[in-house]
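Protein chains in written order, with this note's numbering: chain A, 6 to 279; chain B, 4 to 267; chain C, 3 to 284.
Watch out, some of these pointers could steer you wrong.
[Said to hold, decoys possible] Okay, derived cross-link-like pairs now, SDA-like style, lysine to any residue, Cα gap no bigger than 20 Å in a straight line: (1) C/LYS168 x C/TYR153; (2) C/LYS55 x B/ALA36; (3) B/LYS40 x C/LYS168; (4) B/LYS40 x C/PRO135.
[Stated by the list, open to error] Residues from chain B shown here face chain A by an in silico Cβ test under 8 Å; the list is partial: (5) LYS40; (6) ASN42; (7) PHE46; (8) LYS161; (9) MET164; (10) GLY169; (11) ALA170; (12) ARG172; (13) ALA177; (14) ALA241; (15) ALA245; (16) ARG259.
Rather than coming from a laboratory, the hints here were simulated on the basis of the structure.
Think of the CB as a built atom: it goes at the ideal place given N, C-alpha and C, for glycine as much as any other residue.
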Amino acid sequence: MTPPITDSRPRPSDEAFVVIDDVSFAYPGSPQPILRDVSLELRRGEFFVLLGPSGCGKTTILNQVAGFERPTTGSISMDGKPITGPGPDRAVIFQGDDSLLGWLNVRDNVEFGLRALRTPAAERTRRVRQALETVELDRQQGKFPHELSGGMKQRVQIARALVVDAPVLLMDEPFGALDAQTRTTLQDALAGLWEQSQRTVLFITHDISEALILGDRIGVMTSGPAARLQTVMDNPLPRPRARGAAEFAELYREVEEAVTAAKSRPPAAAGEPG
Amino acid sequence: MNRAGPGAGHWRWQRLALNVLAILLAVLAWHGAALWKDNLLIFPTPLTCLSALGDVLSDPERRDQLLITLRRVVVGFALGSALGVAVGGLIGSVRSVALTLEPVVHFLRSVTPVAWIVPATIWLGVGEGSLRFIVVYATVFPVAINTLTGLTQVPVNKVRMARTFGASRLRIHASIVLPSAVPYIVTGMRLSLGYAFMSVVAAEMVAGRDGIGFLIYDSRIFFDTATMFAGILLLGAAGLLADRVFSVVTHRGLARFYAGQVNT
Amino acid sequence: MSATTRARTGDGAANRTRRAAARRARLRGAPVALAGICVILIGWEVVSRAYGKPMLFPGPADTGSTLLDGLTSGNIPTASVASVMRVLSGLLAGSLAGVLLGLLSGSSRVLEALLEPFINVFRFIPPLAWFAPALLWLGSGETSKVALIVYTSVFVVAVNTAAGVKAVPRDMIRMARTYGASPVRLFFAVRLPASLPYIFSGVRIALGNAFMTVVTAEMLGAESGLGVLITEGTANTDVRGVFAALITLGALGLCADRAFVRLLRRYGGRFSAATREEGSIR
C-alpha cells in the first residue's frame, strides 16, 4: 500500500466530532480513580493519538468512547448524541488477538459484523472482498487465526472495521505485541489507508515514534492513578512522514519532554484542573 | 519435557510399547500373586480369567450383555450430555436461574447415582427406565458444571467486539459464547463418559437383570470369580474403546474449536 | 487443558474490590435464590402428594420430619461421623498415593506411559465391581471400605498431579538450574510447590468422589454409616429413610467442598491455588 506522493487530501475539519467532557472514572468501591477530569475533543476526520505510559488509563478512555463502560462523572458524545453503548459507528481494534474468533477463517471473521447487522448476502460478499483486498489478505482468506502471524491478525481486525465503514475507529495499541519491523510496516500501511478514507481515529500507544508517524494531534497523558490529559500537541509534519527526517527527530524530542514531564506530575487532588 | 519435534513419531511407538509392557508386567505380577495365594476361588490366575473371557465371548447370549450395557451407556450419555449443556447454559446465562439451580446442582451431584436406584425403580419400574435415569443422572452434572465454566471463560474482547456490531444477545450466545465453550463441554463429556459406564454397571449389579454389571454380579453369586474378572476386563476394554472413539471423533470433528490451543 | 486457573497476580486491591462486589451481588440475589428453592420444594410436595404413597415418594414435609427424627435420635449424627471418618481416611491415603503416582508420572514420560493403561481403564470400572474382591481379600472390616474410597481417589489425584508437574514453566526450572539446584532440590523446592494448585484441584474432586463412594463402601457389612442407612431403607422400601440419609450425605459433601475451598483460599494464596470446578482428566 503506497501512500500518495503529494499531500493533497482535505485537512481534518475543526468541528468537534467526539467530545469527551470532564470525564472521571473509578471502579465502584475503589478509592483511587483511574481517570480524573479528562476533557478532549476529537475533530472529524482527524487521527488522534493518545500517548502515555502503561497503566495510565488510556485504554479506559477508549473503552468509554467505545461504550463498553460508562464514565463515573462527565459525559461522552458523538456528533452531538451521548454515547450509551457500543455500536458499529465506533469500530474497535483490540490489543492482542482474543477478539478474533478462532473457529472461523479470515473471511468469516471479517464478515461477522455484517452478519450481526443483517446486511444482505450479496452486499456482504462485496464488502468483505473489498476489505480483504485493501489489507492485502485476500489470498489468506481461507486461513484460520492460529495460522496467521501477529501482523496478519491485526490486519484482519482492520478489515473487520473497514467492512462496516465505521466513521470512528478506536485502536487500542494494536501493534504493541508485534516485532519492530512488522510494526513499522503496519504503521505505514495504516497511515496510507487512513489518508484515503477520512475516518476519525482514536489511537492509543506508548510509542512516541508511532504517535508521530500516525497522529495529527497527540494527547499526552500523566501516569495513573487519577490520570489526566497533560497536554495536546499538534503534529505539523507533512505526510507521508519519514522517520529519519530532521524535523521528525526534533518533534520527537519535544514530545519526549512532554511525556517525561507528564510521568513525573503528581496525581491531581479533586477539583484541580487537568 | 519436549514432546514435539522430530522425535515425536518415534515416541508414539515407544509409548505404545511401554503401554503393552505395563500390561504384561501387571499380568505377570497378578499371576505370581495368584500362584502364591493358591486359591483359585478367591484369586484366579490371569489364564483362568482369560479362558473365562473366551467362554463369555463365544457364548452369544452372554456376549450380548456387553452390547446391552453399551446401548444403555450411549443413550443415557447422549441424553445426559444434552441436558447438561442445557442446564449449564441456562445457569450461565440467566442470573435468577443461576442463583437457584447452582446450589441444587452441586448438592445433587455429590449423591452417588447408585443411591437413586431404589427411588428410580419404584417410580420408573424395573428395567430400562430406571437404568436410563441413573446414567442420565451420572452424566448431567459434570457436563453442566464444565459447560458453566466454559461460559465464564469466554474472552471479554470477543463479546465486546460482537457488541460493537450491535449483535443481539441471542447471536452473542450462539455464535460467540457457545463455540468458545466447546472445549470445556467436551472435557465434561469425556469425564461423564467414565461416570456413565460406572453408574450403569453399578445399577445393573444392584437392580438389573441383564448387562455386564449383571454378568459380574451373577458370577459372583455363583462364586465364578474367573468370569467375574473376565467381566471386569471386558468392561475396562469397552470403556477404553469408547473413550478413544469419543476423543478421536471430537478432536477431528471439532478441531476448529480447539484451534491455537497447545494442550488439549 | 489445565485443571486449575491461577488467581490473577497483581493488584490486590482490585481483586479485593472485585470480591466485595461479588459478595454484594450474591447478597442481592439471596431473596431470588430463596424464592427459587421454595418453588422447587413446593413442586416436590405437589408431585409427591399426587403420587399418593408417602413411603415410596415422600414429599419435603415427610422427608423433613424423618430427617428431624434421625437427627434427634442420634442415628444420623452417629452415622455421619462414621461415614465422614471413612471418607477422610480414604481420601488421605488415596491422595498421598495419588500424588506420589502423579509426581512420578508427570516427571518421566516413560513412567507415564507405563501407568497410562491402568489410569485409563479403571476410570470405567465402578467401585462396586470391586466389592467382591475387596470383601474376599480384605475382609469385612474397615480396610475393605477404606480401600474402595482409596480406589476412587487415587486416579483423579494422580492425573491432576501429573498435569501440574508437566505444567511447571520451563523457565522456572531453568532458572533453578542456573543456580546449581540438584534434582532433589529442584523437585521439592520448585516442582512440588508449583504443582500444588493442580494437586488441590484433584483432591477436591476426589473429595466429591469419596462421598459418593462411601455408600457403596458401607455395603461391605458396615455397622454404622449413612450408606448403611440407605441400604436399610432400601431393604425396607422406606424411601423416606433413604432420602433423609441422601440429603445428609449431600449436605455433608457440599459443606466439605466449601470448607476445602475456603481453607485453600486462606492458606493456599501464595501457591496461587484458585481451583476450578471440574478438572480435566487429560
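So which of those numbered hints doesn't the model satisfy?
1, 2, 3, 5, 6, 7, 12, 13, 14, 15
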